[in-house]
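Student: Residue strings, one per chain:
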Amino acid sequence: MRIALCIALLTAMAGTTLATEIPLDQRRSGYSFMSADTQAMQDEDTANPGMLFVLDGEALWKRKAGAANKACADCHDDARVSMKGVAAHYPAFEKTLGKPVDLEGRINLCRADHQQASPFAYESRELLALSAYVAQQSRGVPIAAGDDPEIAPFVEKGHALFIQRQGQLNLACANCHDDNWDKKLAGSAITQAQPTGYPLYRLEWQSLGSLQRRLRACITGIRAQAYDYGSPELVELELYLMTRARGMPVETPAVRP
Amino acid sequence: MARLALTLLLAAGLFAACAPAGAEELRPYTVVGDAIPQPLTGTKGDATRGRTLIVERSSTCILCHSGPFPEQAFQGDLAPNLTGSGSRWTEGQLRLRLVDASHLNAATIMPSYYRVEGLMRVGNSWRDKPILSAEQIEDIVAYLVTLRN
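Just so you know, the protein sequences line up as chains A and B, in that order. In terms of the numbering used here, the first sequence is residues 46 to 302. In terms of the numbering used here, the second sequence is residues 128 to 276.
Looking at chain A on its own, in the form it has when it is part of the complex (with noise of 0.2 Å):
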């Protein structure tokens, strides 16, 4: 009798907190708000100015680095055939570490562990230009991220942070993305932070970006104080956005306004 209640009063409690999230079938692509012309950008691979850096990325990964003087090749062969799918699962649970990374960081393991070469920087353009090139060999692919048994508890964190009111402003990422993604703020369509299209184009960056720095943006729009590049925090609301993305196809790389 007494665990019926609590089952009840929990199933209940569950319903509340899952009230404001998106229903599975209503989920948009930040592309679906854009304008025709920007769509056309990101459709079209000849006038996608991500495809320069997606062609620098395969020409990093046929080239030899480090001390090891491997290439990512030389372990991975072609990567049209290896990394297909495989930005689509990624954060993913790194063993060793005993928590989860983003395909950033998974690059740089690669680079220290097997081509004992120094890590790429954050943001940098070799950086952009291999996770824009492995993460495209996933275009069309459904996002399968959040499978591992193991990262549940970190999707849980990350899910903590996405509801977590920050800032001079006091709002929470859910305030936006889950309660708001039909309105717009000023003049910008308030999207429902799907993460498909990373690293992606953006035109007011004029450059491509990571998710993390999508991440950062919005966080000091709010007046928090933005986590550093590669913090678990950071990682760990990517992974939350990609497991809330499941099934969505990647877009890498993509165009934004």
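Because the hints were derived from the structure by calculation, they are not lab data. Misleading hints may appear alongside valid ones.
Covered stretches of chain B (in silico footprint by chain A; criterion: 3 or more residues with CB under 8 Å from a CB of chain A, positions within the stretch not fixed) [unchecked claim]:
#1 181-189
#2 198-207
#3 236-249
The beta-carbon is built from N, C-alpha and C at its ideal position, and this holds for glycine as well.
Chain A is already provided as a structure; the job is to place chain B on it using the hints.
Tutor: Quick look at chain B alone, frame taken from chain A:
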């Protein structure tokens, strides 16, 4: 009820005690019902300055609100249109809505413009400062009361 009031008082006291040293001193104010009847500065604000402030992006108002600001192409639609605010609310009610909207509706997304406690992870450049100064609040209130129709 008395117990609740006491707990709230204690909690407020705790927040005050925890406020970091060097925090900008906020001027005290008294809430009467759903309003702050007296100006935070002791004098009335300037409506012209208030309008200028509202249409500036840095005051953040038009990120969420729209209003009678034809010169501003980009206005938000997360919140009620400000047209007619002065008919719907008294000066004191408008003042409390700006100072601390969460006092009236704990779930509101409207930021508290004159509050420094109870916030999490505020960025370095904004820490321990209210979003607007007492003078700026009074200027905006002075403008909002003129929005009658």
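Student: Take the hints in turn and mark each one as holding or not.
Tutor: Each hint, compared with the structure:
Under a criterion of three residues with beta carbons nearer than 8 Å to beta carbons of chain A, the stated coverage of the segment 181-189 of chain B is upheld, 3 such residues being counted. Counting residues of the segment 198-207 of chain B whose C-beta sits closer than 8 Å to any C-beta of chain A gives 6, which meets the bar of three, so the coverage hint holds. Proximity of the segment 236-249 of chain B to chain A, defined as three or more residues with a beta carbon under 8 Å from a beta carbon of that chain, is established by the 7 residues found.
Hint check: no violations occur; every hint is consistent with the structure.
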